[in-house]
Amino acid sequence: MSVDTATVKRVARLARIAVTDAEAEKMKGELNAILGFVEQLDEVDVSGVEPMTSAVETTMRKRVDEVTDGDCAEDVVANAPMSDDHFFMVPKVVE
Amino acid sequence: MTDLTDLTIAEAREGLEKKDFSAVELTDAYLGAIEGAKALNAYIVTTPDKAREMAAASDRKLAAGEGRALEGIPLGIKDLFATQGVHTQACSHILNEFKPRYESTVTSNLWADGAVMLGKLNMDEFAMGSSNETSYYGAVVNPWRAKGSNAALVPGGSSGGSAAAVAARICAGATATDTGGSIRQPAALTGTVGIKPTYGRCSRWGVVAFASSLDQAGPIARTVKDAALLLKSMASVDLKDTTSVDRPVPDYAAAVGRPVKGLKIGIPKEYRVDGMAPETETLWQQGIEWLKAEGAEIVDISLPHTHYALPAYYIVAPAEASSNLARYDGVRFGLRVPGNDITDMYEKTRAAGFGAEVKRRVMIGTYVLSAGYYDAYYLKAQKVRTLIKRDFDLAFEAGVDAILTPTTPDAAFEPGAITDPVSMYLQDIFTVTVNMAGLPGISVPAGLNEKGLPLGLQLIGKPFGEETLFQVAQVIENAAGRFQAEKWWA
Numbered sequence: 001m002s003v004d005t006a007t008v009k010r011v012a013r014l015a016r017i018a019v020t021d022a023e024a025e026k027m028k029g030e031l032n033a034i035l036g037f038v039e040q041l042d043e044v045d046v047s048g049v050e051p052m053t054s055a056v057e058t059t060m061r062k063r064v065d066e067v068t069d070g071d072c073a074e075d076v077v078a079n080a081p082m083s084d085d086h087f088f089m090v091p092k093v094v095e
Numbered sequence: 001m002t003d004l005t006d007l008t009i010a011e012a013r014e015g016l017e018k019k020d021f022s023a024v025e026l027t028d029a030y031l032g033a034i035e036g037a038k039a040l041n042a043y044i045v046t047t048p049d050k051a052r053e054m055a056a057a058s059d060r061k062l063a064a065g066e067g068r069a070l071e072g073i074p075l076g077i078k079d080l081f082a083t084q085g086v087h088t089q090a091c092s093h094i095l096n097e098f099k100p101r102y103e104s105t106v107t108s109n110l111w112a113d114g115a116v117m118l119g120k121l122n123m124d125e126f127a128m129g130s131s132n133e134t135s136y137y138g139a140v141v142n143p144w145r146a147k148g149s150n151a152a153l154v155p156g157g158s159s160g161g162s163a164a165a166v167a168a169r170i171c172a173g174a175t176a177t178d179t180g181g182s183i184r185q186p187a188a189l190t191g192t193v194g195i196k197p198t199y200g201r202c203s204r205w206g207v208v209a210f211a212s213s214l215d216q217a218g219p220i221a222r223t224v225k226d227a228a229l230l231l232k233s234m235a236s237v238d239l240k241d242t243t244s245v246d247r248p249v250p251d252y253a254a255a256v257g258r259p260v261k262g263l264k265i266g267i268p269k270e271y272r273v274d275g276m277a278p279e280t281e282t283l284w285q286q287g288i289e290w291l292k293a294e295g296a297e298i299v300d301i302s303l304p305h306t307h308y309a310l311p312a313y314y315i316v317a318p319a320e321a322s323s324n325l326a327r328y329d330g331v332r333f334g335l336r337v338p339g340n341d342i343t344d345m346y347e348k349t350r351a352a353g354f355g356a357e358v359k360r361r362v363m364i365g366t367y368v369l370s371a372g373y374y375d376a377y378y379l380k381a382q383k384v385r386t387l388i389k390r391d392f393d394l395a396f397e398a399g400v401d402a403i404l405t406p407t408t409p410d411a412a413f414e415p416g417a418i419t420d421p422v423s424m425y426l427q428d429i430f431t432v433t434v435n436m437a438g439l440p441g442i443s444v445p446a447g448l449n450e451k452g453l454p455l456g457l458q459l460i461g462k463p464f465g466e467e468t469l470f471q472v473a474q475v476i477e478n479a480a481g482r483f484q485a486e487k488w489w490a
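Read top to bottom, the protein sequences are chains W and F. When the letters of the first sequence are read in order and numbered with UniProt numbering, they come out as residues 1 to 95. When the letters of the second sequence are read in order and numbered with UniProt numbering, they come out as residues 1 to 490.
There's no promise every hint is true.
[What the hints assert, rightly or not] The calculated label-pair distances, taken between Cβ atoms and stated as ranges, are:
#1 Ala146/F / Ala33/W: 27 to 33 angstroms
#2 Asp69/W / Pro259/F: 43 to 49 angstroms
#3 Ala63/F / Arg63/W: 38 to 44 angstroms
[As the list claims (entries may be wrong)] Under the rule of at most 30 angstroms between Cα atoms (straight-line distance), these lysine-lysine pairs were calculated in the DSS-like manner:
#4 Lys62/W / Lys240/F
#5 Lys26/W / Lys348/F
#6 Lys50/F / Lys487/F
[Said to hold, decoys possible] Far from chain W by the CB rule (all over 10 angstroms, computed), these chain F residues:
#7 Ser22
#8 Ile44
#9 Glu66
#10 Lys487
Read the hints as simulated data drawn from the structure, not as lab findings. As the structure is a computational prediction, the values presented were derived from the model and not from experiment. Note that CB positions come from ideal geometry on N, CA and C, so glycine has one too.
Please take these sequences and the hints and turn them into a complete structure.
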């Protein structure tokens with residue numbers, strides 16, 4: 001499968017990365033080279049093969065459903081580009 | 001007295017216990033060496049005050065006879081590990097000025113064993129790269145140069161800063177991470193020892209996520225024994241990472257020096273690839289001879305799906321990365337570039353914050369996970385992964401204790417020499433299978449090529465077979481000797 005410039009722009013939109021026309025054009029070639037490379041997998045017969053879900057056979061460890069962390073709003077917002085009164089500040093979303 | 005920075009971790013621990021020198025003196029020796037090695041660009045941040053404070057605390061412990069496993073040992077930390085109050089950006093601009101309020105489990109473990117932090121080490125942005133050229137903080141220079149040449153070489157990646165710092169003796173050892181080869185490939189290119197343990201052996205908590213089903217932390221060190229000492233401290237079960245495995249951490253250093261007589265070492269024919277340097281081939285054969293001479297049994301094995309590991313990796317890793325990196329949106333941490341509305345802000349922030357390689361991988365990941373493509377790409381790749389793992393399972397079931405391969409097809413190259421992304425990905429051709437199967441792998445220096453540059457051999461083990469890897473790697477280290485770059489940088 002290969003992508004055209006319009007697809008590159010659509011994917012960039014999904015990935016929330018702004019791209020110029022020139023960048024999209026350049027990316028098209030690079031992405032197609034990578035997609036061409038992974039096409040080798042078409043040679044592999046995977047019928048009846050289960051997808052790998054964990055590298056090591058384990059049962060997921062569970063813990064008691066209780067609060068183990070919290071009361072650290074100051075720490076949570078400490079690295080925010082903009083915050084006010086322990087809220088993250090973003091441009092207006094709802095008119 | 002010899003230069004304190006020449007001591008291995010094991011030797012430094014002995015000297016500290018015997019009070020030949022203090023932890024503060026050892027730390028000061030490293031801080032001085034770092035000052036003189038700026039040309040390598042291995043450190044992006046140094047923490048001298050913190051280092052001296054930690055070293056002074058170590059001296060008090062040592063004076064009281066309470067020295068712990070790594071008491072007073074100065075380490076460099078890859079920028080991927082969260083270090084409380086200290087620069088942690090995965091060498092990306094998008095984490096601009098991020099200083100976590102918490103400490104990663106791996107580094108917490110190291111400090112709890114008495115280690116001293118010298119600073120944060122350079123790396124490829126978000127651990128995506130094989131040459132350390134994608135760092136926002138610029139490329140790292142390999143301490144090694146070809147004989148008779150002044151040309152800079154790359155240290156490999158993504159843990160290029162870790163490998164270069166260990167090779168240049170500007171830290172006693174370093175933390176690193178490996179998603180497709182990021183510990184072993186730079187270790188091979190710098191003449192150092194690097195081990196990626198079994199998936200789940202080290203906690204991923206507080207390690208900036210790249211591809212969660214592949215990422216593992218591990219050490220880079222000067223000797224096999226030092227790597228064993230570091231891994232012992234780094235590994236743990238952790239309630240904060242459900243994929244960390246609850247089983248005792250063995251005394252890895254005790255495995256170093258055990259005889260290998262009777263061990264079965266597999267040689268996979270699929271690792272003889274086109275484009276492999278003849279010297280790599282020769283060295284691989286040399287490694288076989290060394291192990292044979294010590295009584296190991298060499299058996300030919302087949303891992304038929306080897307060829308598909310790299311293409312499958314370039315679906316799985318970008319897919320997981322695109323999900324993991326969705327959190328960098330200019331809201332909760334790091335860089336924000338203002339926009340007309342919130343979507344515009346996200347898009348401008350991510351366009352300005354991510355470098356070209358990260359963007360490429362996020363784009364690939366987004367594409368293969370987008371509507372209608374999941375089964376054709378991600379699911380298929382995960383099925384291929386099952387087949388890759390099965391190849392290894394069959395070899396181990398047939399009695400193989402460890403597998404010997406080259407670590408990389410060739411030695412260190414010049415910056416800018418590989419510009420095509422897919423060609424760069426081929427750097428990991430021998431290492432990536434190990435991540436796909438979740439197995440442990442160690443790279444140990446095995447010789448120099450005719451240009452005088454180091455080459456490494458890789459040993460692949462059974463799940464949680466790290467002790468066997470240390471055991472066999474020591475035999476290679478004994479036979480090959482240790483390699484030190486000639487100092488040109490100060």
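Cross-check of the supplied hints:
In this structure the hint that Ala146/F and Ala33/W lie 27 to 33 angstroms apart at CB holds, the actual value being about 30 angstroms. For the pair Asp69/W and Pro259/F, the supplied restraint of 43 to 49 angstroms holds, since their beta-carbon distance comes to about 48 angstroms. The hint said 38 to 44 angstroms for the Cβ distance between Ala63/F and Arg63/W, and at roughly 40 angstroms that hint holds. Using a Cα cut-off of 30 angstroms, the hinted pair Lys62/W and Lys240/F holds, with the two alpha carbons roughly 11 angstroms apart.
A C-alpha spacing of about 18 angstroms is found between Lys26/W and Lys348/F, which places the hinted pair at or below 30 angstroms, so the restraint holds. For the proposed pair Lys50/F and Lys487/F, the alpha carbon gap of about 27 angstroms is at most 30 angstroms, so the pair holds. Distance check on Ser22/F: its Cβ is at least 35 angstroms (rounded) from any Cβ of chain W, clearing the 10 angstroms threshold; non-interface status holds. In this structure Ile44/F is separated from chain W by more than 10 angstroms, as the shortest Cβ-Cβ distance comes to about 18 angstroms.
Non-interface call for Glu66/F relative to chain W: holds, since the shortest CB-CB distance, roughly 30 angstroms, exceeds 10 angstroms. Against chain W, the non-interface label of Lys487/F holds: every CB pair exceeds 10 angstroms, the least being about 39 angstroms.
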